[in-house]
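**Student:** First to last, the protein sequences are chains A and B.
Residue numbers for the first sequence, in the numbering used here: 13 to 301.
Residue numbers for the second sequence, in the numbering used here: 13 to 301.
A hint or two may mislead.
As the list makes no split between identical chains, a pair holds if one copy fits it or if it spans any two.
Claimed, not checked - Distance condition first, Cα-Cα at most 25 Å in a straight line; then the derived PhoX-like pairs of lysine-lysine:
#	residue 1	residue 2
1	260	278
2	205	115
3	140	167
4	80	260
5	260	205
These aren't lab readings, by the way, just hints derived from the structure by calculation.
Values in this document were obtained by computation on a predicted structure and should not be read as measured data.
2 protein chains.
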Amino acid sequence: MKIAWIGTGVMGASMAGHLQAAGHELTVYNRTKAKADALVANGARWADTPAEAAADANVIFMIVGYPKDVENVALGDDGILSTATPGAILVDCTTSSPALAVKISEAGDAKGIAVLDAPVSGGDIGAKNAALSFMVGGDADAFETVKPLFEIMGKAIVLQGGPGAGQHTKMVNQTLIASGMIGLCEAMLYAEKSGLDPLTVLQSVGGGAAASWGLSNLWPRMIGGDFEPGFFVEHFIKDMGIALDEAKRMNLELPGLSMAFTLYTKTAELGYGRKGTQALLLALREMNL
Amino acid sequence: MKIAWIGTGVMGASMAGHLQAAGHELTVYNRTKAKADALVANGARWADTPAEAAADANVIFMIVGYPKDVENVALGDDGILSTATPGAILVDCTTSSPALAVKISEAGDAKGIAVLDAPVSGGDIGAKNAALSFMVGGDADAFETVKPLFEIMGKAIVLQGGPGAGQHTKMVNQTLIASGMIGLCEAMLYAEKSGLDPLTVLQSVGGGAAASWGLSNLWPRMIGGDFEPGFFVEHFIKDMGIALDEAKRMNLELPGLSMAFTLYTKTAELGYGRKGTQALLLALREMNL
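Given these sequences and hints, build the entire structure.
**Tutor:** In structure tokens, the structure reads:
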């Protein structure tokens, strides 16, 4: 199968590498060419634009930065839909706007190109270990066609509904995490301030109703003073912004998510935008000085 | 060992029952006598006041309602410390104020009575199955003496520090849960409003960074329309109020916990005080109508 891959950042390069290692013919494009060097050295064809990459591909994957990048790469003058051939499938793995996913899907429909929104969770490590969760929205037949490729890169691969449903599911994921991180960092601050040993506390609270991935994984990192990403604060702010835009569109007030957005924006303003999400603790400490 | 047990509500009756079944001689007191009937039928001695129950006991357990109840039962005219003999140990399993735990401990010291604060997590079911987590503050020797009794009733039994440290640890636990519940209920609301199937969503988000006890246990109950406790909204409000009082005393601002307190107070006002904590979803739905 001829595959085009647009976006070879940390996530994209790992994901595309798995497809390449599985023997798929790859054409790649990235804004910064050097980030595709390894894939090209392993036999991928370089394309100078998304349009060129997409021209003869059966499946076109993209994973880029912000919704405006998604819109340019998919719908722009040199974008994927300007050259993709009828019958091809476009898969957007960027975490992006559900409304934009619907818009791109409609533009694809008009040209006979099925579009799947398929954001992932699992981060750098999940991408590297082919253990990503793919949350997919779009046409069921297109999903079945692409599924064997998803399975090369991930583990939990679930069709959540029509166009946009993958992005909505990712927003549910981020909404869960947003308030969870507030709880995690406030609890750590309380533990510190009250003179408890946070590692001993974990023995009491780690196995019950307070248990979470964050408590098991980020709590020990915070204790060790490790605030490296993991998942970047600035990317989390982007995701929460999308979720809040969608919530507003649905007339939905989500006070916890709004507070998380505000607190993380503050965290970035304090200089921690390129730290991991657990750096909210640093911001809360400074706000409580 | 002669044990006194003050407070035979749902939790206390199960816990005392385990000690009785293990062969310990029990004297019991409860504000509502009928709730101690089963223990008395099984051979426990009834006492008319906490003071009478405590008079000849080696270890005196109490688990009552609010901090004011704790203060009355421990320090009041007919309270435990009015009659307990030097060398006895008082163990308070109520979720109560850390500052009050310190006060009772000091009052005990003056009479040669060691005091442990030992709130639990695990709820009705944990109490019934002898699977509670005991978070303990106080004297290390007293802890070692009581530990075999804790082990009859629980699984994770951890000395967290001096007087009040058990209560502080419980507050950390509740702080984690408070914001976690906001995330859980907001995420469910978002999923519903965006037309997703929450059970299918769980397949995508249940195994990664959004994973939590609440997501595994309460999310399915919410889907099934099951808002029964589990853990009562009104008890959770009590606990968060204590945590916020302590935070204030430590000059600590915890915006997520404050928001959870406000949202759960609203949940109780809407008539859900005797529902489980997942009933926050019902309140958020009504607030978003």
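**Student:** Could you run down the list of hints and mark each one as holding or not?
**Tutor:** Hint check results:
1. 260 with 278: Both, since 21 Å and 22 Å are each at most 25 Å.
2. 205 with 115: So residue 205 and residue 115 pass the 25 Å test across copies only (19 Å; inside, 49 Å).
3. 140 with 167: The answer is within: 12 Å in one copy meets 25 Å, while 38 Å across copies does not.
4. 80 with 260: within (19 Å within a copy, 44 Å between copies)
5. 260 with 205: Close across copies (11 Å), not inside one copy (37 Å); limit 25 Å.
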